[in-house]
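Asks: Position chain B against the provided structure of chain A, taking the given hints into account.
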Amino acid sequence: MRRLNALQYANTVKDVLGVSVALSAVLAEDEKVGPFNSNLLSPVGELHVDRYMSAAELVAANAIGQLSTVLPCDPAATGEAACAETFLTQTGARLFRRPLEDQERVAYLGLYGSSRTAGRSFSDGISLLVRVLLQSPSFLYQVETAAAGAPTLLGGNEVATRLASFLWSSAPDAALQNAAKGGQLTTVDGLLTQARRLLNDPHGASTLASFHSQWLKIDRLPALQKDPALTPTFDAALGQAMLSETEHFADWVIRSGDGSLKSLFTRSNSFVDGALFDVYGLPKPAKVDQLTPVALKPSERSGLLTQASFLTAHSHFGNTSPVLRGVVVLDSVLCKAPPPPPPTVMTVPPAPIAGETTRERFDRHRTDPTCASCHSLMDPIGYGFAHYDALGRYITDEGGKPIDASGEIKGTQDIDGPFNGAIELSQRLSGSNQVQDCMVSQWFSFALGRNLDKTRDACSLQGVKTAFAASDYNLRELLFAIVKSDAFRYRASLEGGAP
Amino acid sequence: MSAQRRSPAVYVARRKLLAGLAGSAILAPFVPILQAETLPGAPKRLILMFHPHGVIRDTWLPTGTVTNFTLSKTLEPLNAFKDKLLILDGLRLSAETTAGSDPALVGEPSGGPHTRNTSHLWSGAALDPNSSLFSRDATKFGWGLGTSIDQTIAERIGTTAFRSLEVGVRPGGGNAPRNRMIYRAPGQPLSPEGSPKALFDRLFTGGMGGSALGEQLRQDRKSILDLVLADLQRLEPRVAREDSAKIKAHLEAIRAIETRLSSSAALCATPTAPADFDAGANDNMPMVADLQIKLLASAIGCGLTNVASIQFDRNENSGTLFNWLFTDTRAHHELSHISDADALSKLTQIYTWYAKQLAALMTQLAAFPEGSGSALDNTLIVWCSEVANPQNHQTTNSPFVLAGGAGGALKMGRFLSYDNVQHNRLLVSLAHLFGLDTVQSYGKTDVGSGPLTSFI
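Protein chains in written order, with my numbering: chain A, 28 to 526; chain B, 1186 to 1641.
The shape of chain A in the complex, shown without the other chains:
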């Protein structure tokens, strides 16, 4: 039973109540499953519940400040009591992602009623309703009631909740709820019709951005601190521009472009604003405060891994790190995480020495056998990024010495061998079966908010892989194949075990 993550909470409040308010500082921080925000395992503590109380009060205060847009009725026309009940029934059904039960309706109306009896205002009464709805477990948790015995198909509202949570990071809209009510989501075709609609809708941007920023571990970029000596100066705005570039690029590939995994790693067009123009050495247009489509040099850039976001997030404070970049390629893109360093090893890189290139500095890893066993996997991939400095600028020499961007991939199923530079590396990755399988696992884990279970999920996983291959590795089709899978459509049994 997953608890909403902060993005799902905020999106739901915005979509259902029309209230846009910054909640990330109010809600307790999300748990992670792999790289993805998912409140799956840990139970809540007093602090979480306190924060939910504060968040609900903040949202309610905003809601009654814009009461006419929040209410589905006019209290002057229908009468206040009737309008409050309509509001409760309609808003409650959206927030709980199912119709309210009679017991709930009666109890919540009682709360409203006694406040009115005590002489308080109509808007106070609505505020109480908003607050109780937002603190109820039926809002906070994605409840899937369990039945004894073998896993059974999820109910319409439950699968609608999973679908909206996966593709919108929000709650089902009225159309999806109607489809659930009409029984259309019990068939694969009916479910796919809705999945296509959701992915094409503007709300789909939220999920695509959230997946890619977490998958590549670039989501903390705006909060990172970098050496003030770097040029251009790294600040929150530049970090945000870098993050937005990659989010927008991935969205463009999947929803506007050909949707192929290959494009994600090979296209050199992108979307740039602010100081990011300086990072890419592009002339600044008159207006730089919005993402502008640009063509980057294909000789310098090839997809996600050559964008400033990835290169900056996986550098140190003031200089680059072939290790960090190599590790993320191995871990996130190839699903092949290297083992951790031994506990007594200093994991801080050697200080730069004047006249020494980054590569020369890190080559010391190879001479120490303790380090070499793992660093021989990570560093040679990371060396391929030698043409990019700590902010992702393309460089042709390092302190006057020529760049050596030759690297090597080792230990993969299908793409081992030497390569030269991140362009060739990206090309190689873009057609790799191991990368394709990794992408399936990553999206699967994101969609379900849990780690995959090698046994239980084996059939679903195989089905998705087959469908992904049949689509010539189209990411849209990957998402739909996940929606079609048993793992997505079936519930847990009462005895437990993740569905």
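Hints were generated in silico from the structure; no laboratory data involved.
Just so you know, not all the hints are guaranteed correct.
[What the hints assert, rightly or not] Result set (DSSO-like, lysine-lysine): computed pairs, CA atoms no more than 27 Å apart in a straight line: (1) Lys1382(B) <-> Lys1541(B); (2) Lys59(A) <-> Lys1433(B); (3) Lys1541(B) <-> Lys1258(B); (4) Lys1531(B) <-> Lys253(A); (5) Lys41(A) <-> Lys1382(B); (6) Lys1382(B) <-> Lys1407(B); (7) Lys253(A) <-> Lys59(A); (8) Lys1596(B) <-> Lys1258(B); (9) Lys1531(B) <-> Lys1541(B); (10) Lys1629(B) <-> Lys59(A); (11) Lys244(A) <-> Lys428(A).
[Stated by the list, open to error] Stretch-level coverage of chain A by chain B, calculated; a stretch enters the list once three of its residues show a Cβ under 8 Å from a Cβ in chain B: (12) 125 to 136; (13) 159 to 170.
Where is the CB? At the ideal position from N, CA and C, for every residue including glycine.
Replies: Same frame as chain A, now just chain B:
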């Protein structure tokens, strides 16, 4: 030595008195309206304090004998409180295996030495090796498998509005085990409150009596939580077995908040609310520390909680720059792995700054008179870090400093040296000090038994 409790009758009497003292609200912040000498005896309290990345032993270790010792550079800011210190040398944390062997390879949970020892420090337990909730490189691990000692002690003395209070100064988030040290139960970490504004709100608004608006908010919160409680109870039988534990924890949290909302622990004038600023920003750290220390001392001095912790920063904090002490582009963690004279001097400045924070907390507590002394005499602060030597992650000679007092039960003003004793002995001693006399071992890593010798 059982913990002192306040009887409900005492509360009622105080509430009545409060009504007649409304004018006292103009008193300066952090000054109690009523003083604890009216109590049958002040409760003993416990505060755990943490900072990351060990200390530099050469500039930390006192010199001299048990009762006649001189503080070294790092602990110098505590000189004024020397007779209220009990410094322990020679204790070791043992979540770590022998140097050179990688626990991941011998089937133990990994997560790196900082992560392992953060959850181990107060609970004496290891991380869950059978969980795949977190991964660090190729190893998977879960939350710590112990209950931290403060939470065990809170079972006995957590009878106040807040059973326990977790305070943070840039403690980090992400629910990462390396950022969490307090465990309510195995697998149940408690998050520290890192925002002074939010901490203030938790402590002093809505929950306690006061203005009409505050009273209304308090009533609303209670009515709403009653309904939420009923929702949770209706839901519990319908969900999978593994989920009902989550419902139970949620119910427990709601009940704790309801108890707090029903209590009338307004012993103090409400302090001025801190401004809402970015409590996560690097350069705001001294300001956050100052406010959190004051709020924590208020919560103790005002009787809102008997059990608390304060976590400074977090491990492997590659972003934390001590710009207010010196100029260097290397963050604390990076510096802590460097052993040249410049780095050692800067590291000592960092650890001295932490000692100053302890001194500030002691000063604040000392401002609350209790009996013939102050809240400081009845509050035992235990300060340590997750490693002893940051350069090689060694955990022998962990830098334990006890400060304040345990209501006379513990002789302070001492410097004790032990010979490589497992720190679980100290955890047992703490349990005994707070009345849990039957505890003989603490935490899953404990291979010995009994309390520290020559301690009490």
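Asks: Against the 27 Å threshold, does the CA-CA distance of Lys1382(B) and Lys1407(B) hold or violate the hint?
Replies: Roughly 22 Å between the alpha carbons, so the hint for Lys1382(B) and Lys1407(B) holds.
Asks: Would the pair Lys1541(B) and Lys1258(B) pass a check requiring their Cα atoms to be no farther apart than 27 Å?
Replies: Distance of about 11 Å is within 27 Å: holds.
Asks: Are there at least three residues in the segment 125 to 136 of chain A whose beta carbon sits under 8 Å from a beta carbon of chain B?
Replies: Per the Cβ count (4), the hint holds.
Asks: Compare the distance between the alpha carbons of Lys41(A) and Lys1382(B) with 27 Å, and conclude whether the hinted pair is satisfied.
Replies: Status holds; Cα separation ~25 Å.
Asks: Taking 27 Å as the top limit, are the C-alpha atoms of Lys1531(B) and Lys1541(B) close enough?
Replies: Holds, at roughly 15 Å.
Asks: Checking one constraint from the list: CA of Lys244(A) to CA of Lys428(A), max 27 Å. Satisfied?
Replies: Roughly 31 Å between the alpha carbons, so the hint for Lys244(A) and Lys428(A) is violated.
Asks: Need the status of pair Lys59(A), Lys1433(B): alpha-carbon distance at most 27 Å?
Replies: holds, 22 Å
Asks: Regarding the pair Lys1596(B) and Lys1258(B), is the alpha-carbon distance no greater than 27 Å?
Replies: Roughly 24 Å between the alpha carbons, so the hint for Lys1596(B) and Lys1258(B) holds.
Asks: Can the restraint linking Lys1629(B) and Lys59(A) be considered satisfied, given a maximum Cα separation of 27 Å?
Replies: holds, 26 Å
Asks: Would the hint linking Lys253(A) and Lys59(A) be met if the CA-CA limit is 27 Å?
Replies: holds, 25 Å
Asks: Run the distance test for Lys1382(B) versus Lys1541(B): straight-line Cα separation, threshold 27 Å.
Replies: With a Cα-Cα distance of about 23 Å, the restraint between Lys1382(B) and Lys1541(B) holds, given a limit of 27 Å.
Asks: Check, residue by residue, whether the segment 159 to 170 of chain A contains three or more positions whose beta-carbon lies closer than 8 Å to a beta-carbon of chain B, and give the verdict.
Replies: holds (count 7)
Consistency with the previously given hints fails for number 11 only.
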